[in-house]
Amino acid sequence: LAKTTQPISMDSYEGQEVNITCSHNNIATNDYITWYQQFPSQGPRFIIQGYKTKVTNEVASLFIPADRKSSTLSLPRVSLSDTAVYYCLVGSRNTDKLIFGTGTRLQVFP
Amino acid sequence: KAGVTQTPRYLIKTRGQQVTLSCSPISGHRSVSWYQQTPGQGLQFLFEYFSETQRNKGNFPGRFSGRQFSNSRSEMNVSTLELGDSALYLCASSLDWSYEQYFGPGTRLTVT
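Residue numbers (the working numbering), protein chains in the order written: chain A, 1 to 110; chain B, 1001 to 1112.
Treat each hint with caution, since some may be false.
[Unchecked claim] Which bits of chain B does chain A cover? Going by a derived footprint, with three or more residues having C-beta under 8 Å, they are:
{"hint": "1", "segment": "1049-1057"}
{"hint": "2", "segment": "1093-1105"}
[What the hints assert, rightly or not] Here are the computed lysine to aspartate or glutamate pairs in the EDC-like style, where the Cα-Cα straight-line distance is at most 20 Å:
{"hint": "3", "chain 1": "A", "residue 1": "K52", "chain 2": "B", "residue 2": "E1100"}
{"hint": "4", "chain 1": "B", "residue 1": "K1057", "chain 2": "B", "residue 2": "D1085"}
{"hint": "5", "chain 1": "B", "residue 1": "K1057", "chain 2": "A", "residue 2": "D11"}
{"hint": "6", "chain 1": "B", "residue 1": "K1057", "chain 2": "B", "residue 2": "E1100"}
{"hint": "7", "chain 1": "A", "residue 1": "K54", "chain 2": "A", "residue 2": "D67"}
{"hint": "8", "chain 1": "A", "residue 1": "K97", "chain 2": "B", "residue 2": "E1100"}
{"hint": "9", "chain 1": "B", "residue 1": "K1013", "chain 2": "B", "residue 2": "E1082"}
{"hint": "10", "chain 1": "A", "residue 1": "K3", "chain 2": "A", "residue 2": "D96"}
{"hint": "11", "chain 1": "B", "residue 1": "K1013", "chain 2": "B", "residue 2": "E1052"}
{"hint": "12", "chain 1": "A", "residue 1": "K54", "chain 2": "A", "residue 2": "E17"}
{"hint": "13", "chain 1": "A", "residue 1": "K54", "chain 2": "B", "residue 2": "E1100"}
{"hint": "14", "chain 1": "A", "residue 1": "K3", "chain 2": "A", "residue 2": "D67"}
{"hint": "15", "chain 1": "A", "residue 1": "K97", "chain 2": "B", "residue 2": "D1096"}
{"hint": "16", "chain 1": "B", "residue 1": "K1057", "chain 2": "B", "residue 2": "E1075"}
{"hint": "17", "chain 1": "A", "residue 1": "K52", "chain 2": "A", "residue 2": "D67"}
Simulated from the structure, these hints should not be mistaken for laboratory data. For glycine and all other residues, C-beta sits at the position ideal for the given N, C-alpha and C.
From just these sequences and the hints, can you work out the full model?
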């Protein structure tokens, strides 16, 4: 299963768009990509999930290029409350493997 | 709708002891997964139960085991505790494998 790599940390300011990229070079055909947000002392919270191209919901967009070797979580107009750790997850529908990325610590400044 | 609950929230055990952690999933969710989170290894998948059967398993030794009851509640057991088992243990429930997972707050286990 794909090994996932993320930047360790990112800084942004309120109102800006933030893009966090996850690399998963060995992703398999049937693997899907999910992003989670985690605040201190809490469990991760689902943000978005996708398989290919682009997925958008009320809080984020997920861009997956054709080769699927990476994916980008896009957070529009971040606020202070978006300060958290963001994890990408590559999972397989056909096997029992789930691989979380190392997490990206996003700090949003006023 | 009530979220995923985990008990206890904090636990301190001695090396060599065993421990049992409990997880109550969201009503209607039949899939329950367990994860270990440590600063060094990050989030690692332990196993997943569905309809009282272990369906998927991560790469952890046999000291880590679990079970699921008919009401979908799940327990995780760690025997012969080691110092390296100190971690945050997270439970997540979902409608099925690969669906959106809802995580509980976790149980923080400290082994001394």
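A/K3 and A/D67: Cα distance at most 20 Å?
OK: A/K3 and A/D67 at ~15 Å, within 20 Å.
Would you check the hint for B/K1013 and B/E1082, treating anything up to 20 Å between C-alpha atoms as holding?
holds (10 Å)
What's the verdict on A/K97 and B/D1096, does the C-alpha distance respect the 20 Å limit or exceed it?
Holds - the C-alpha atoms of B/D1096 and A/K97 are around 15 Å apart, at most 20 Å.
Hint check: B/K1057 vs B/E1100, CA-CA at most 20 Å. Holds or violated?
holds (18 Å)
When you check the alpha-carbon spacing of B/K1057 and B/E1075, does it fall within 20 Å?
Distance ~15 Å between B/K1057 and B/E1075 Cα, so the pair holds.
Hint check: A/K54 vs A/E17, CA-CA at most 20 Å. Holds or violated?
At roughly 17 Å apart (the allowed maximum being 20 Å), A/E17 and A/K54 satisfy the hint.
Is A/K54 close enough to B/E1100, meaning Cα to Cα at most 20 Å?
holds (17 Å)
Check the hint pairing A/K52 with A/D67 against an upper bound of 20 Å on the C-alpha distance.
holds (9 Å)
Pairwise hint evaluation, B/D1085 against B/K1057, where the allowed Cα distance is 20 Å at most:
holds (17 Å)
Pair hint outcome, A/K3 versus A/D96 [Cα-Cα no greater than 20 Å]:
holds (15 Å)
Under a C-beta cut-off of less than 8 Å, do 3 or more residues of the segment 1049-1057 of chain B approach chain A closely enough to confirm the stated coverage?
holds (count 3)
So if I understand the rule, the pair passes when the alpha-carbon distance is 20 Å or less; does B/K1013 with B/E1052 pass?
violated (28 Å)
Checked against the numbered hints above, the structure violates hints 5 and 11; every other hint is satisfied.
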